[in-house]
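Colleague: The listed protein sequences correspond, in order, to chains A and B. FYI, the numbering used here numbers position 125 of the first sequence as 125, with every residue one higher than the one before it. FYI, the numbering used here numbers position 12 of the second sequence as 12, with every residue one higher than the one before it.
Be aware that a few hints might be false.
For identical chains, the list gives no copy identity; a pair is met inside one copy or between any two copies.
[To be verified] Cut-off 20 Å, straight-line C-alpha distance, at most; resulting in silico cross-link-like pairs (SDA-like, lysine to any residue):
hint: 1; residue 1: LYS76; residue 2: MET3
hint: 2; residue 1: LYS64; residue 2: ASP137
hint: 3; residue 1: LYS65; residue 2: PRO39
hint: 4; residue 1: LYS62; residue 2: GLU4
hint: 5; residue 1: LYS64; residue 2: MET3
hint: 6; residue 1: LYS46; residue 2: MET3
hint: 7; residue 1: LYS19; residue 2: PRO129
hint: 8; residue 1: LYS64; residue 2: GLU30
hint: 9; residue 1: LYS65; residue 2: TYR2
hint: 10; residue 1: LYS65; residue 2: SER145
None of these hints come from the bench; they were simulated from the model.
Protein chains: 2
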Amino acid sequence: MYMECLPIGVIHTPHKDPKGTPIQPSGAKEFEGIIELDPKYRDGLKDLEGFSHIILLYHFHKSKKYNLTVKPYMGKEQRGLFATRYPGRPNPIGLSVVRLNRIIENMLYIQDVDMLDGTPLLDIKPFIPEVDNRDADRIGWHENSAHRMSETKSDGRIS
Amino acid sequence: MYMECLPIGVIHTPHKDPKGTPIQPSGAKEFEGIIELDPKYRDGLKDLEGFSHIILLYHFHKSKKYNLTVKPYMGKEQRGLFATRYPGRPNPIGLSVVRLNRIIENMLYIQDVDMLDGTPLLDIKPFIPEVDNRDADRIGWHENSAHRMSETKSDGRIS
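So that you can see chain A by itself, here it is in the shape it has in the complex (with noise of 0.2 Å):
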């Protein structure tokens, strides 16, 4: 059984490049991008402006293959992959939550994007602060280096 997951529109961002491209929102807090909507879903954007924050689900279009063990940006151990947030995954979906400014028609203007220019965008979420965050006790490996991610780029090994 399988499900088909259809672009609904695409993310503009500065990242032209795997290279250099922040790994994480907290890396990218300079960055702006746009969100292009398919102008089919415009009806979907009522009452999305009232939200400061949003949650998008998008396809990391350039991993075409996955390893279940990979090396991370930060650290120099093979990590199992689910306990990182590594593009190439069996389904590639990637997860970012991004500051919304404005909407204008079915353009999205956004800020904090660390997705590559051209992402097809697959969902777009509220960030509900009571449903979304989490006091986690234990960050396992990350417990040395999540305060090093904000300044961490990605090589361009995904591409």
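Using the hints provided, position chain B relative to the given structure of chain A.
Modeller: Just chain B now, kept in the frame of chain A:
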């Protein structure tokens, strides 16, 4: 251009009927579930047990169609679909953050489950507060209802 998603496992939960299922993990704290990962992906679980919380992406497999405006569980007004977490979406991909209690072989014992029993799993990502938490200043139409979410249950309208 489309993207084909194949389930990597199945999520077993106590929620056998859409009616009465909690609508978000914040209303599902008492509920435990088990992810049965397809054994061929087992090596990808390495290092995951160090994380207290994980992000699950899954197929809203009972949602066969969508409308661009919907009446959410909370509230009486029609809202734009993308301003809601409603299951019926162009790409019916669900997102939940759950607590990870332990992993035994290809079975993940999780808590705070708000998805239906038998839900096909698409991806597991580690939850990292530095990456995933946000101080959102605006939550739109949820402003007056977010605190009620944990008490609200589905009325079964999806199925």
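Colleague: For every hint, state whether the structure bears it out.
Modeller: Here is how each hint holds up against the structure:
1. With identical chains, the CA atoms of LYS76 and MET3 are never at most 20 Å apart, being 35 Å at best within one copy and 32 Å at best between copies.
2. Taking the shortest Cα distances, LYS64 and ASP137 never come within 20 Å of each other, neither inside one copy (34 Å) nor across copies (37 Å).
3. Only between protomers do LYS65 and PRO39 lie at most 20 Å apart by alpha-carbon distance; the minimum there is 19 Å, versus 31 Å within a single protomer.
4. Proximity of LYS62 to GLU4 under the C-alpha cut-off of 20 Å is found in both arrangements, the shortest distances being 18 Å within a copy and 14 Å between copies.
5. Taking identical chains as interchangeable, the C-alpha atoms of LYS64 and MET3 lie at most 20 Å apart whether they share a chain (17 Å) or sit on different chains (11 Å).
6. Taking identical chains as interchangeable, the C-alpha atoms of LYS46 and MET3 are never at most 20 Å apart, the minima being 27 Å within one chain and 27 Å between chains.
7. For a Cα distance limit of 20 Å, the shortest separation of LYS19 from PRO129 qualifies neither inside one copy, at 32 Å, nor across copies, at 25 Å.
8. In the homo-oligomer, the alpha carbons of LYS64 and GLU30 never lie at most 20 Å apart, since the shortest distance is 29 Å inside one protomer and 39 Å across protomers.
9. For a Cα distance limit of 20 Å, the shortest separation of LYS65 from TYR2 qualifies both inside one copy, at 18 Å, and across copies, at 16 Å.
10. For the homomeric pair LYS65 and SER145, neither the shortest alpha-carbon distance inside one copy (26 Å) nor that between copies (42 Å) is at most 20 Å.
In summary, the structure is inconsistent with hints 1, 2, 6, 7, 8, 10 from the numbered list given earlier, while agreeing with the others.
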